[in-house]
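J.: Working from the sequences, and respecting the hints, build out all of it.
Number of protein chains: 2
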Amino acid sequence: MDGLMMDQPLLLSGLLWRTERLFHDKKIITRVGQGQYHSYSYADYAKRVRRLASALVDFGVKPGDRVGTIAWNHYRHFETYFGVPGIGAVLHTINMRLFPEQQAYLINHAQDSVLMIDADQVSAVERLVEIGIPSVRAFVVMGEGPLPETSLEPVYSYDELVDSGTEDFQFPTFDENTASAMCYTSATTGDPKGVVYSHRAMVLQAMCLAMHDKLNMSESQVWLEVAPMFHCNGWNIPHTALLQGATLVLPGVHPTDGDYVEMVQDLGVTGMNGAVTIGTMMRDFVRASDRKWDLSSLKTMWLGGQAPSRAIMEWWERTFGTHVVQGYGMTECTPQICFNSTKSTLADQDPEAVYALRQTGGQPIPLMKIKVIGEDGTELPWDGTSVGDFWVQSPFTASEYYNDERTKESMVDGWFRTGDVGAINEHGYVIIKDRSKDLIKSGGEWISSIDLENALMAHPKVREATVVSVPHEKWLERPLACVVPSDDSITEDELRDYLLTSFAKWWIPDSFLFVSQVPKTSVGKYNKKEIRAIFADGGVSRVRERLA
Amino acid sequence: MDGLMMDQPLLLSGLLWRTERLFHDKKIITRVGQGQYHSYSYADYAKRVRRLASALVDFGVKPGDRVGTIAWNHYRHFETYFGVPGIGAVLHTINMRLFPEQQAYLINHAQDSVLMIDADQVSAVERLVEIGIPSVRAFVVMGEGPLPETSLEPVYSYDELVDSGTEDFQFPTFDENTASAMCYTSATTGDPKGVVYSHRAMVLQAMCLAMHDKLNMSESQVWLEVAPMFHCNGWNIPHTALLQGATLVLPGVHPTDGDYVEMVQDLGVTGMNGAVTIGTMMRDFVRASDRKWDLSSLKTMWLGGQAPSRAIMEWWERTFGTHVVQGYGMTECTPQICFNSTKSTLADQDPEAVYALRQTGGQPIPLMKIKVIGEDGTELPWDGTSVGDFWVQSPFTASEYYNDERTKESMVDGWFRTGDVGAINEHGYVIIKDRSKDLIKSGGEWISSIDLENALMAHPKVREATVVSVPHEKWLERPLACVVPSDDSITEDELRDYLLTSFAKWWIPDSFLFVSQVPKTSVGKYNKKEIRAIFADGGVSRVRERLA
Chain A
1 MDGLMMDQPL
11 LLSGLLWRTE
21 RLFHDKKIIT
31 RVGQGQYHSY
41 SYADYAKRVR
51 RLASALVDFG
61 VKPGDRVGTI
71 AWNHYRHFET
81 YFGVPGIGAV
91 LHTINMRLFP
101 EQQAYLINHA
111 QDSVLMIDAD
121 QVSAVERLVE
131 IGIPSVRAFV
141 VMGEGPLPET
151 SLEPVYSYDE
161 LVDSGTEDFQ
171 FPTFDENTAS
181 AMCYTSATTG
191 DPKGVVYSHR
201 AMVLQAMCLA
211 MHDKLNMSES
221 QVWLEVAPMF
231 HCNGWNIPHT
241 ALLQGATLVL
251 PGVHPTDGDY
261 VEMVQDLGVT
271 GMNGAVTIGT
281 MMRDFVRASD
291 RKWDLSSLKT
301 MWLGGQAPSR
311 AIMEWWERTF
321 GTHVVQGYGM
331 TECTPQICFN
341 STKSTLADQD
351 PEAVYALRQT
361 GGQPIPLMKI
371 KVIGEDGTEL
381 PWDGTSVGDF
391 WVQSPFTASE
401 YYNDERTKES
411 MVDGWFRTGD
421 VGAINEHGYV
431 IIKDRSKDLI
441 KSGGEWISSI
451 DLENALMAHP
461 KVREATVVSV
471 PHEKWLERPL
481 ACVVPSDDSI
491 TEDELRDYLL
501 TSFAKWWIPD
511 SFLFVSQVPK
521 TSVGKYNKKE
531 IRAIFADGGV
541 SRVRERLA
Chain B
1 MDGLMMDQPL
11 LLSGLLWRTE
21 RLFHDKKIIT
31 RVGQGQYHSY
41 SYADYAKRVR
51 RLASALVDFG
61 VKPGDRVGTI
71 AWNHYRHFET
81 YFGVPGIGAV
91 LHTINMRLFP
101 EQQAYLINHA
111 QDSVLMIDAD
121 QVSAVERLVE
131 IGIPSVRAFV
141 VMGEGPLPET
151 SLEPVYSYDE
161 LVDSGTEDFQ
171 FPTFDENTAS
181 AMCYTSATTG
191 DPKGVVYSHR
201 AMVLQAMCLA
211 MHDKLNMSES
221 QVWLEVAPMF
231 HCNGWNIPHT
241 ALLQGATLVL
251 PGVHPTDGDY
261 VEMVQDLGVT
271 GMNGAVTIGT
281 MMRDFVRASD
291 RKWDLSSLKT
301 MWLGGQAPSR
311 AIMEWWERTF
321 GTHVVQGYGM
331 TECTPQICFN
341 STKSTLADQD
351 PEAVYALRQT
361 GGQPIPLMKI
371 KVIGEDGTEL
381 PWDGTSVGDF
391 WVQSPFTASE
401 YYNDERTKES
411 MVDGWFRTGD
421 VGAINEHGYV
431 IIKDRSKDLI
441 KSGGEWISSI
451 DLENALMAHP
461 KVREATVVSV
471 PHEKWLERPL
481 ACVVPSDDSI
491 TEDELRDYLL
501 TSFAKWWIPD
511 SFLFVSQVPK
521 TSVGKYNKKE
531 IRAIFADGGV
541 SRVRERLA
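Chains A and B, in that order, are what the protein sequence lines are. Residue numbers for the first sequence follow full-length UniProt numbering, beginning at 1 and rising by one. Residue numbers for the second sequence follow full-length UniProt numbering, beginning at 1 and rising by one.
Some hints could be false.
Said to hold, decoys possible - Computed list of lysine to aspartate or glutamate pairs in EDC-like fashion (alpha-carbon distance at most 16 Å, straight line):
{"#": "1", "chain 1": "A", "residue 1": "K369", "chain 2": "B", "residue 2": "E20"}
{"#": "2", "chain 1": "B", "residue 1": "K343", "chain 2": "A", "residue 2": "E20"}
{"#": "3", "chain 1": "A", "residue 1": "K214", "chain 2": "B", "residue 2": "D213"}
{"#": "4", "chain 1": "A", "residue 1": "K343", "chain 2": "B", "residue 2": "D7"}
{"#": "5", "chain 1": "A", "residue 1": "K343", "chain 2": "B", "residue 2": "E20"}
{"#": "6", "chain 1": "B", "residue 1": "K214", "chain 2": "A", "residue 2": "D213"}
{"#": "7", "chain 1": "B", "residue 1": "K62", "chain 2": "A", "residue 2": "D2"}
{"#": "8", "chain 1": "B", "residue 1": "K47", "chain 2": "B", "residue 2": "E20"}
{"#": "9", "chain 1": "A", "residue 1": "K369", "chain 2": "B", "residue 2": "D7"}
{"#": "10", "chain 1": "B", "residue 1": "K369", "chain 2": "A", "residue 2": "D7"}
{"#": "11", "chain 1": "A", "residue 1": "K62", "chain 2": "B", "residue 2": "D2"}
{"#": "12", "chain 1": "B", "residue 1": "K369", "chain 2": "A", "residue 2": "E20"}
{"#": "13", "chain 1": "B", "residue 1": "K343", "chain 2": "A", "residue 2": "D25"}
These are calculated hints, taken from the structure and not from any lab test. Computed from a predicted model, the values in this text were never measured in an experiment.
T.: Here you go:
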């Protein structure tokens with residue numbers, strides 16, 4: 001017996017329908033210069049989104065066509081978030097920080113037909129044309145003022161394109177499983193892999209984020225989206241803000257740490273999300289600044305990519321009353337798998353235990369199923385200590401990679417193998433020990449690089465730390481620590497003694513390299529692959545030299 | 001181009017999967033006597049739900065079979081909420097307050113194969129068997145102790161049935177459009193009409209309620225479900241509480257106003273939902289009680305069925321800091337259409353304007369579309385004054401009534417005609433003026449019975465008031481007011497003068513009848529149909545006599 005309910009698909013345009021009627025007076029604010037902001041209402045936003053959609057149809061963009069973007073976080077980029085999927089086309093957000101060859105690979109693999117790029121990306125895209133991106137039949141430049149001089153051909157102004165459309169455009173209705181967006185994620189080996197999102201997945205993910213009381217994305221929030229909008233749809237946060245009618249703040253082109261701090265104070269930002277390094281850099285900026293900053297409007301700082309250290313959590317809480325939260329997500333999951341909040345029944349434990357909980361990836365969000373699989377393929381108990389691979393399943397988890405043979409390595413019996421390793425405790429808190437590719441297997445026993453990193457970063461003289469696996473003759477693998485000190489008086493012995501208070505002797509890294517920077521990936525995570533490659537190239541001394 | 005996301009259906013068993021893993025230590029508490037409670041964890045709940053599901057399968061209940069319940073709000077009834085739909089069967093909650101003939105009609109129309117009933121309903125159900133309910137092939141009695149003496153045959157003990165099942169039962173996976181539950185709603189004329197919910201509709205509705213920051217159904221809530229669980233799945237609130245891991249409090253059999261008050265104080269209840277009369281009766285109980293009550297734990301009181309008066313809102317806010325909220329829903333919408341919260345941009349108006357907003361039905365919840373249609377069939381603007389019929393569309397709105405010819409009167413072009421009349425303001429707040437069947441059309445102009453009722457109920461000497469349309473020779477229809485005084489010194493002239501300060505002369509009811517009670521429907525709304533019938537039977541004097 002079927003239910004007798006309307007067959008109404010979950011479409012992104014459905015979210016917009018409500019927002020423009022209920023929250024038309026709420027604002028989207030983009031930083032356009034030092035202390036300068038472009039601000040317009042969701043009503044104006046929705047009109048421009050419909051103009052854009054109508055212009056794209058007139059332009060010949062068909063359902064299923066891929067439209068690429070190479071852009072910063074700003075209102076025009078956000079218009080493409082609803083304008084492109086609204087007509088059944090697919091928004092392909094391209095990572096701005098990749099090398100040209102990698103960007104060209106993505107564009108060719110996705111077969112983008114139109115590229116929408118920021119004005120400051122024009123010369124970089126000219127380079128892509130030289131490499132060869134034959135599927136692209138038009139370039140659209142987003143920015144103020146006249147089109148820059150360029151060899152790109154044909155090239156259009158984004159604002160003129162929008163102006164050519166009609167704001168009366170009606171979004172078509174189609175199946176909710178229609179592709180809405182795509183995003184590539186780096187692979188352990190080989191080229192990046194493409195994930196194709198559906199309208200259903202993105203609407204459901206936004207709803208699951210919206211219902212999280214600790215993220216608290218409600219109408220009254222003023223939310224600063226620092227996470228790049230080219231990465232997993234900006235963690236799906238712009239959609240969630242729009243769904244709830246929150247004020248959305250976008251940092252515009254080339255923002256600095258100081259710009260983030262200034263935006264929070266100027267605009268009374270109440271919540272923000274970004275990579276862990278953003279929280280660290282904002283802290284360092286405030287500490288070093290001559291001005292006295294009041295960031296106490298900021299109640300929620302969601303830091304992602306890796307676990308924020310306890311030191312960072314405590315500094316923000318103590319200094320501005322800001323609650324630092326984290327989650328666990330990946331491109332393949334639209335992106336959240338877990339989100340961390342302290343259950344009311346666990347909040348009355350001693351502070352150490354609460355912090356330990358807060359440093360986990362959190363509990364699976366609604367609709368998300370997770371299990372932990374041991375080396376022998378059996379499901380392990382949720383006891384907080386049994387370590388295995390995390391497998392996940394949900395309506396917003398990828399079922400395959402786009403045109404990619406590697407799908408079969410990641411999908412097993414309807415579950416997605418995350419490639420992450422860890423345990424789950426009895427309350428469903430997911431404790432991530434490592435990416436399986438970053439695991440350190442020393443003398444047959446494994447060592448968690450993440451546990452060591454978290455401990456090192458909690459040391460008062462440490463600013464950043466990463467621990468990687470390097471080859472070893474006797475033990476096969478051993479940990480190597482790269483540490484960015486915040487105090488030059490730090491010594492190797494000091495760190496070794498400090499770690500010995502928490503870890504067994506054989507866990508302690510053989511070398512502690514004091515370096516001035518840890519290489520990061522294009523989305524701000526520690527780039528362990530690069531460190532391992534430098535090590536392979538010349539050992540400890542080469543790493544010390546390259547990261548000096 | 002399709003998205004490449006997993007085809008994971010939205011099933012009620014999926015919500016349970018998460019709750020029993022993440023919130024297993026949270027509690028479901030049922031009142032079982034004066035100050036006495038049955039309390040068990042979601043872990044124990046989930047085990048019993050799986051035992052129930054397995055036992056029903058063994059019992060021969062097949063996917064699509066209807067399983068009826070006639071029961072109060074308690075943990076056994078709540079077990080059927082997930083146990084029955086979990087195996088693909090359909091939970092048919094039957095209104096306990098209907099006449100036997102009506103209940104028999106529902107059971108026969110739905111073709112219930114099993115009836116699960118409370119022990120205190122046994123003799124009533126024996127009467128149903130006399131009337132004839134041939135589809136029912138087994139009766140299951142929920143309650144403590146041995147089975148009561150009964151002619152029902154075959155009859156089983158619910159607890160024994162549950163004990164016979166296995167807690168290792170695995171819920172099957174099926175299409176999310178599968179029927180999960182059904183509920184009948186009274187019709188203007190003729191028999192009640194059946195609404196068949198799907199798993200998809202109920203999961204989406206629960207998610208939309210969960211993401212509402214003013215309802216604030218979060219993990220830390222202790223939620224008292226007063227709304228009957230036989231009515232629209234208890235407004236879908238039990239599912240939302242389970243989804244979020246909130247503590248759920250159920251008032252058990254034959255609860256009184258004093259029981260509700262006691263439960264709030266005893267258990268530290270933080271939120272509750274029930275008919276408007278519950279809020280009034282609890283207030284009256286507290287006022288009349290010799291004891292001093294502290295209900296300040298109660299932050300949210302959601303009153304439904306009709307609009308709570310400003311007097312009630314103010315009393316709760318002033319006395320206990322309780323925020324009274326309302327929504328707009330109906331059986332056909334699973335059930336919420338709108339929920340009321342004050343937008344941050346409207347909160348700084350003068351208090352009168354904020355109260356006026358709070359007395360509307362609120363804004364459409366996510367995924368819900370609404371429009372207002374004028375007499376000529378055109379869509380009217382959202383200007384707060386253009387009055388027409390509300391039409392709605394959503395994934396949780398009925399597309400048809402179950403086996404019912406009357407579907408065609410209610411469904412137009414993929415929209416459901418609610419039968420309610422009103423306007424929508426520029427921020428999407430839905431201002432309900434009347435049920436179309438309750439509209440008063442006097443001399444070609446219409447009068448809102450709801451506006452008059454709200455005004456009357458704000459008068460300090462009025463406890464309850466309803467206004468109905470009665471036939472009139474010259475004007476065709478005129479308003480008649482039935483008023484339950486809270487102060488016997490009240491006079492007709494006093495009320496007339498009072499209304500004249502807000503309404504045109506021709507809006508003022510011709511008669512004000514002071515009565516001791518207003519008849520209510522089985523779900524606690526004012527029964528205007530009954531008052532009109534009494535009037536038809538003998539005019540004003542007959543109404544005065546019958547409601548004395």
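J.: Each hint: holds or not?
T.: Consistency of the hints with the structure:
1. K369/A <-> E20/B: Judged against 16 Å, a Cα distance of about 12 Å means the pair holds.
2. K343/B <-> E20/A: Holds - the C-alpha atoms of E20/A and K343/B are around 14 Å apart, at most 16 Å.
3. K214/A <-> D213/B: Judged against 16 Å, a Cα distance of about 11 Å means the pair holds.
4. K343/A <-> D7/B: Violated, at roughly 30 Å.
5. K343/A <-> E20/B: At roughly 14 Å apart (the allowed maximum being 16 Å), E20/B and K343/A satisfy the hint.
6. K214/B <-> D213/A: It holds: about 11 Å lies between the C-alpha atoms, which stays within 16 Å.
7. K62/B <-> D2/A: 14 Å, holds
8. K47/B <-> E20/B: Roughly 9 Å separates the two Cα atoms, so the pair holds.
9. K369/A <-> D7/B: With a Cα-Cα distance of about 13 Å, the restraint between K369/A and D7/B holds, given a limit of 16 Å.
10. K369/B <-> D7/A: Holds, at roughly 13 Å.
11. K62/A <-> D2/B: This hinted pair holds, its Cα atoms lying about 14 Å apart.
12. K369/B <-> E20/A: OK: K369/B and E20/A at ~12 Å, within 16 Å.
13. K343/B <-> D25/A: Satisfied, since the Cα-Cα distance of roughly 10 Å is no more than 16 Å.
Checked against the numbered hints listed earlier, the structure breaks hint 4 alone; every other hint is satisfied.
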